[in-house]
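Number of protein chains: 2
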Amino acid sequence: MYNTTELKAAVEQHIENLGLDQRKPANLYQPMAYILSLKGKRIRPILTLLAYQAVSGANPMKAMNLAVAVEVFHNFTLVHDDIMDRAPVRRGNATVHIKWNENIAILSGDALLAFSMDLVTGDFPERAAPLMKEYTRVSLAVCEGQMEDMDLALQEHATIPDYLEMIRKKTAVLLGGCMSLGSLAGGADEEIVGQFREFGESLGIGFQLQDDLMDAFPPEGFGKQVGGDIIENKKTYLLLKAQELADPSQRKTIAALMAENSDSKVEKMLEIFRQLDIESHTQALIHRYFEKAKYLGQALSQKTHFEPLRSYLQEIASRKI
Amino acid sequence: MYNTTELKAAVEQHIENLGLDQRKPANLYQPMAYILSLKGKRIRPILTLLAYQAVSGANPMKAMNLAVAVEVFHNFTLVHDDIMDRAPVRRGNATVHIKWNENIAILSGDALLAFSMDLVTGDFPERAAPLMKEYTRVSLAVCEGQMEDMDLALQEHATIPDYLEMIRKKTAVLLGGCMSLGSLAGGADEEIVGQFREFGESLGIGFQLQDDLMDAFPPEGFGKQVGGDIIENKKTYLLLKAQELADPSQRKTIAALMAENSDSKVEKMLEIFRQLDIESHTQALIHRYFEKAKYLGQALSQKTHFEPLRSYLQEIASRKI
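So the protein sequences, as listed, match chains A and B.
Heads up: the first sequence runs through residues 27 to 347, numbered per the numbering used here.
Heads up: the second sequence runs through residues 27 to 347, numbered per the numbering used here.
Read the hints as simulated data drawn from the structure, not as lab findings.
Wrong hints could be hidden among the right ones.
Note: identical chains are not told apart, hence a pair may lie in one copy or across any two.
[To be verified] Straight-line distance between alpha carbons at most 30 Å, and here's what the computed DSSO-like set of lysine-lysine pairs gives:
#1 Lys88 with Lys260
#2 Lys50 with Lys318
#3 Lys34 with Lys159
#4 Lys65 with Lys267
#5 Lys50 with Lys260
#6 Lys278 with Lys65
#7 Lys125 with Lys260
#8 Lys88 with Lys159
#9 Lys159 with Lys67
#10 Lys278 with Lys294
#11 Lys318 with Lys67
#12 Lys320 with Lys34
Fair warning: this is a prediction, and the values are worked out from it, not measured in the lab.
Work out the full structure: start from the sequences and follow the hints.
Written out as structure tokens, the structure reads:
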């Protein structure tokens, strides 16, 4: 049994052992090594390892290539999304298209996706075809989610179902993919894989809604700037729900606030959110997704070695890691 | 037995049957359908089908998903290369980043690569892992080749070996990949797969050098503009060989020509090429690659049903198609 710290250290070590920074041409591989070295929490590979272990009962390290594939994929999306979003900073460091240039960012992003492919199937030859089928489904859904996010930003009348489907694809599908790929590699049948997938997606949507909520209503001592999404007019669940519940006068205020760029914009929008009790509405929706995950997790506990996965998720949910 | 026209028609039909233009979000899938609808010669998928048939003796149509995967991959590289090269036109039509925009081109290129993955392995579950390993090797090499091409353009002292390695990766590796993937899917062992791969790469380098040569010394009745590479100062084999063979005075003239943008630039550079007999030097090198391919082809003729592949390549070489 490994604890979370050990799993994370093993993931870091395995990423380093890929030796990307030694490969040529340097302009292709250095950016790949760079983005992967901006150490995140490595939630996705750890979830993959634990889903594999839950099903197989085997040493989770056996799924390390698959786990790292998911992390490499995630970093491919970061590099390309940062170009599309014109984002200069990622995890406190310059983004790839800023540190190098846009062409290099496009190409090293491509190479990250290409590099991940063999990592998915290499250690599980007898399940390589279904693994690649699932990986393709996940990859395409993530691309669809990013496109829907860009589409949504330009849309006058975005709906809440549109938004939920977008965040499902853009962020939750990959968490579901960690679970489905890990369990598939571990030898699970279609039904179990499906439960793992849905479990991961439900959690993913819940986490994303939590992020949206914290942007407007951060918990005590939360370091981040409040209202970044409001300043950018991001069509989050909070804004869409407020537009839905607003009376004509409030709706006019929201529209006016979205057109302005004043210092008081955030405070005024939060005031509307408070009038409409948006925090409770959002919390209720988050609760529904987490309840669904809990229900699926209970079913999976009966059939798999689910405890390490459950306890890791507990750690994440309490934001200890 | 199918003839080339039938194989090409079947490839076109299969691409249409993917139904990309029906999928949502339209901003993601329409550009994918669009680039694939700009019908090229479909050389790569046809080579894949014929390599599969050569080894297995089976109906080549059984490898159609794999063949189309290679074509989809090729189109992924076109979409992203066109962004990087700021190319406005592809096969007489607007490129994706011009017809839509750059973000859409990045993302639909990504989705083409993602979409291709399952097509590679789906029909050959028992060989899915080695197929994906080979596909990953090819994909990474193509990314490396594109990066080396961009690096080379900025390099003061590019060498002929640098150039040959770049074109090997940028264009020949994918032709080799058609052969290696097709033969692997057909059940070939490592030795045969290796011979197919090298056969395809040798042909690919030969074809690329032929393209370079035709840019400067087109055959009678060749429609294309002469000297496009010269105008752009592209470091082709012809230019690098001329720099190598030039005496100090010719070397000075070449450098001066590269710095100028006059109407007579092409004619003056061609004059240097003629003085140094660059056409013969290039033809000699092309001949060496084609001889190597011929030699490998003869070996493969002993062990596989090679004739349809050989005769298709003859058609390509004589530029009938």
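Going down the list of hints, with the structure as the test:
Proximity of Lys88 and Lys260 under a CA criterion of 30 Å is satisfied in neither setting, with 41 Å inside one chain copy and 48 Å between copies. For the identical chains of this complex, Lys50 and Lys318 are inter-copy neighbours only, at 27 Å across copies versus 47 Å inside a copy, given an alpha-carbon limit of 30 Å. In the homo-oligomer, the alpha carbons of Lys34 and Lys159 lie at most 30 Å apart both inside one protomer (27 Å) and across protomers (26 Å), since each shortest distance falls under that limit. When the C-alpha separation of Lys65 and Lys267 is checked against a cutoff of 30 Å, the pair qualifies neither within a copy, at 35 Å, nor between copies, at 46 Å.
Taking the shortest alpha-carbon separations for Lys50 and Lys260, only the inter-copy value of 22 Å comes in at or below 30 Å, while the best intra-copy value is 40 Å. For a Cα distance limit of 30 Å, the shortest separation of Lys278 from Lys65 qualifies neither inside one copy, at 44 Å, nor across copies, at 51 Å. For the identical chains of this complex, Lys125 and Lys260 are neighbours both inside a copy (27 Å) and across copies (27 Å), given an alpha-carbon limit of 30 Å. For the homomeric pair Lys88 and Lys159, the shortest alpha-carbon distances inside one copy (21 Å) and between copies (18 Å) are both at most 30 Å.
Proximity of Lys159 to Lys67 under the C-alpha cut-off of 30 Å is found in both arrangements, the shortest distances being 27 Å within a copy and 28 Å between copies. For the homomeric pair Lys278 and Lys294, the shortest alpha-carbon distance inside one copy (13 Å) is at most 30 Å, but the shortest distance between copies (69 Å) is not. Taking CA atoms no more than 30 Å apart as the test, Lys318 paired with Lys67 passes inside one copy only; the shortest distance there is 24 Å, against 51 Å between copies. Proximity of Lys320 to Lys34 under the C-alpha cut-off of 30 Å is restricted to the intra-copy arrangement: shortest distance 24 Å within a copy versus 52 Å between copies.
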